[in-house]
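J.: The chain contents come next:
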Amino acid sequence: MNYDRPQELLKPVKRRFITLTFVIALMLELLPLPQGSNRWLPDFVALLILYWSLNQPRRIGIGMAFGIGLLADVVSTSMFGQHALAYSVGAYLILLRQQQLVMFNLGQQALVILVLMLLMQLLMAIARWSLGATLPGLGYFLPALIGALLWPLLTKLMLLPYRRERH
Amino acid sequence: MNFANTPSFANQGLQPGSRLLLCVLASLALLVGDSQYGLMEKARDAVSVVLYPLQRAANVPLNLAMQAGDYFTAQAALKHENDALRERDLVQSSHLMRMSALEKELQQLRRVNALAAQPSYAGVVAEVLYTGRDPFSYRLIIDKGSDSGIASGQAVIDENGLIGQVTRVQPLSAEVTQVINRNFTVPVMIERTGHRALLYGFGGGVEVRYLPISTDIRENDLLVTSGIDGVYLQGIPVARVKQIDRLGGAAFARVRSEAIAGVQSSRFVVIMPNRHPPLAAIPAPPAAASKSDKKSP
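These protein sequence lines are chains A and B, in that order. Under my numbering, residues 1 to 167 are what the first sequence spells out, in order. Under my numbering, residues 1 to 297 are what the second sequence spells out, in order.
Check before you lean on any hint, since a few could be wrong.
Take a look, some chain B residues computed to stay more than 10 Å from chain A by CB distance [stated by the list, open to error]:
#, residue
1, R19
2, Q36
3, S48
4, H95
5, S100
6, N113
7, V124
8, D134
9, Y200
10, E219
11, P273
12, A284
Some chain B residues judged to face chain A by a derived CB distance under 8 Å, without partners named [stated by the list, open to error]:
#, residue
13, S27
14, M40
15, K42
16, V49
17, L51
18, F136
19, G203
20, I213
Quick caveat, the hints were computed from the structure, so don't treat them as lab data. Values in this document were obtained by computation on a predicted structure and should not be read as measured data. For every residue, glycine included, the Cβ atom is placed at its ideal position computed from N, Cα and C.
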């Protein structure tokens with residue numbers, strides 16, 4: 001049973017559902033987790049930006065990514081504009097090749113996502129570094145790897161409410 | 001119909017490239033504006049108020065779990081804890097009695113010597129909502145803000161010692177920068193000798209810098225706030241010396257130390273009031289001078 005292919009007919013995605021996923025992702029950031037957890041917990045908001053700009057490019061584009069990035073900036077107590085910059089670049093790169101990427105299977109997509117997540121983290125690190133913060137170690141890029149590994153799971157989870165009943 | 005891949009032939013406005021350019025320029029402007037000039041505080045306040053219900057909602061499951069845990073605590077454990085607390089209370093109340101007598105004496109002496117009487121200090125208890133996910137800085141978000149009279153610059157402690165300082169106040173929450181944050185400086189003194197020094201955070205830990213090699217400092221010495229800065233009260237424990245390297249060629253000893261407050265683990269903190277009433281606003285400099293000191297942090 002292969003329901004990650006876009007050829008399958010899916011019910012149209014509701015705007016409400018997209019909003020809900022972002023609210024949940026932002027709440028995950030706000031959870032009072034133990035301090036060390038951000039060393040491995042992936043940035044779910046970034047994953048969602050990539051997911052929706054890949055699968056619903058008409059709904060979530062560069063502008064939306066920028067706006068959601070501003071929210072993420074406040075939530076994660078970082079500098080204003082840091083996440084906005086990374087997210088809008090990520091969304092742009094997805095949209096450049098969206099027609100091809102959407103035809104890839106989940107493994108290939110996960111590879112692309114890994115590269116994009118690493119690039120986004122690198123952008124944020126450079127932005128902060130040029131404004132005077134210390135550069136974090138290599139462990140800083142671990143969440144990107146975990147995020148990419150979670151990509152197939154995330155995709156299946158997001159499609160679950162939108163599969164048509166099988167007759 | 002909203003299919004993912006139906007191309008749209010309608011005019012969609014700007015090209016993706018120019019959209020990206022706009023967004024990147026906007027975020028760069030925001031980054032510089034926020035970090036160098038602090039222009040975005042109002043916007044941050046507004047967004048944080050909107051997000052406050054989300055913060056609260058995210059805390060609900062944990063609070064419920066903690067309540068359930070409390071409910072199922074064994075009676076023996078409760079009894080044990082109660083005994084321990086009562087014992088501590090006894091010890092502390094004896095200290096307190098002595099202290100109130102001493103305080104009275106001190107006030108009297110100050111009056112006699114015509115010195116300014118020191119006000120008494122009482123803190124505000126706050127709960128840590130979450131620790132920011134930003135890996136570049138060490139910050140906490142607490143659940144009291146300007147609505148409870150918190151102002152930026154106040155010292156924050158827990159039951160063991162100094163945690164940090166309030167650096168950003170929003171209407172319902174506040175941001176605390178921890179002592180282990182990079183470039184966080186605390187004037188301290190070695191409790192054993194009274195020697196004064198500066199304690200610097202370096203992102204994940206603290207160290208004493210610029211201490212001459214000949215200084216009398218040993219391992220396990222306690223570093224407490226010296227109280228000469230007008231921010232921290234005197235005598236709040238900050239760090240404990242772990243290791244001292246006296247290198248031959250260097251002018252300064254290398255002192256590694258460890259913050260003793262639960263900077264990474266405390267759930268409840270106390271915010272100490274400002275020691276002095278806030279200074280009067282700096283009068284606007286004349287137009288010619290205003291450009292030169294714009295960059296001051």
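J.: Each hint: holds or not?
T.: How the hints compare with the structure:
1. Annotated as non-interface, R19/B brings its C-beta within 10 Å of a C-beta of chain A; the closest such distance is 5 Å.
2. In this structure Q36/B is not separated from chain A by more than 10 Å, as the shortest Cβ-Cβ distance comes to only about 8 Å.
3. Not every beta carbon of chain A lies more than 10 Å from that of S48/B, the smallest distance being close to 6 Å; the non-interface claim is violated.
4. Once the 10 Å rule is applied to beta carbons, H95/B is consistent with being away from chain A; the minimum gap is 32 Å.
5. Listed as outside the interface, S100/B is consistent with that label: its C-beta sits roughly 37 Å from the nearest C-beta of chain A, beyond the 10 Å cut-off.
6. Separation of N113/B from chain A is adequate, the least Cβ-Cβ distance of about 46 Å exceeding the 10 Å criterion.
7. The claim that V124/B lies off the interface holds: its Cβ sits roughly 20 Å from the closest Cβ of chain A, which is beyond the 10 Å cut-off.
8. For D134/B, the condition that its CB be more than 10 Å from all CB atoms of chain A is violated, with the nearest at approximately 4 Å.
9. Chain A leaves Y200/B outside its interface by the beta-carbon criterion, the shortest separation being 13 Å against a cut-off of 10 Å.
10. The Cβ of E219/B lies farther than 10 Å from every Cβ of chain A, with a closest approach of about 26 Å, so its non-interface assignment holds.
11. Against chain A, the non-interface label of P273/B holds: every CB pair exceeds 10 Å, the least being about 24 Å.
12. The beta carbon of A284/B is kept farther than 10 Å from every beta carbon of chain A, the shortest such distance being approximately 26 Å.
13. For S27/B, the interface hint holds, the least distance from its beta-carbon to any beta-carbon of chain A being 4 Å, beneath 8 Å.
14. For M40/B, the suggested interface contact is upheld, since its CB lies about 4 Å from the closest CB of chain A, less than 8 Å.
15. Nearest Cβ of chain A to the Cβ of K42/B: about 11 Å, over the 8 Å cut. The hint is violated.
16. With a cut of 8 Å, the hint placing V49/B at the interface with chain A is violated, because the nearest CB-to-CB distance is about 10 Å.
17. A cut of 8 Å between beta carbons decides the hint on L51/B: the least distance to chain A is about 6 Å, and the hint holds.
18. Evaluation of the F136/B hint against chain A yields a held restraint, the C-beta minimum of about 4 Å falling below 8 Å.
19. At its closest, the beta carbon of G203/B sits 5 Å from a beta carbon of chain A; the interface hint therefore holds under the 8 Å criterion.
20. Here the hint on I213/B is broken, as its CB sits about 27 Å from the closest CB of chain A, past 8 Å.
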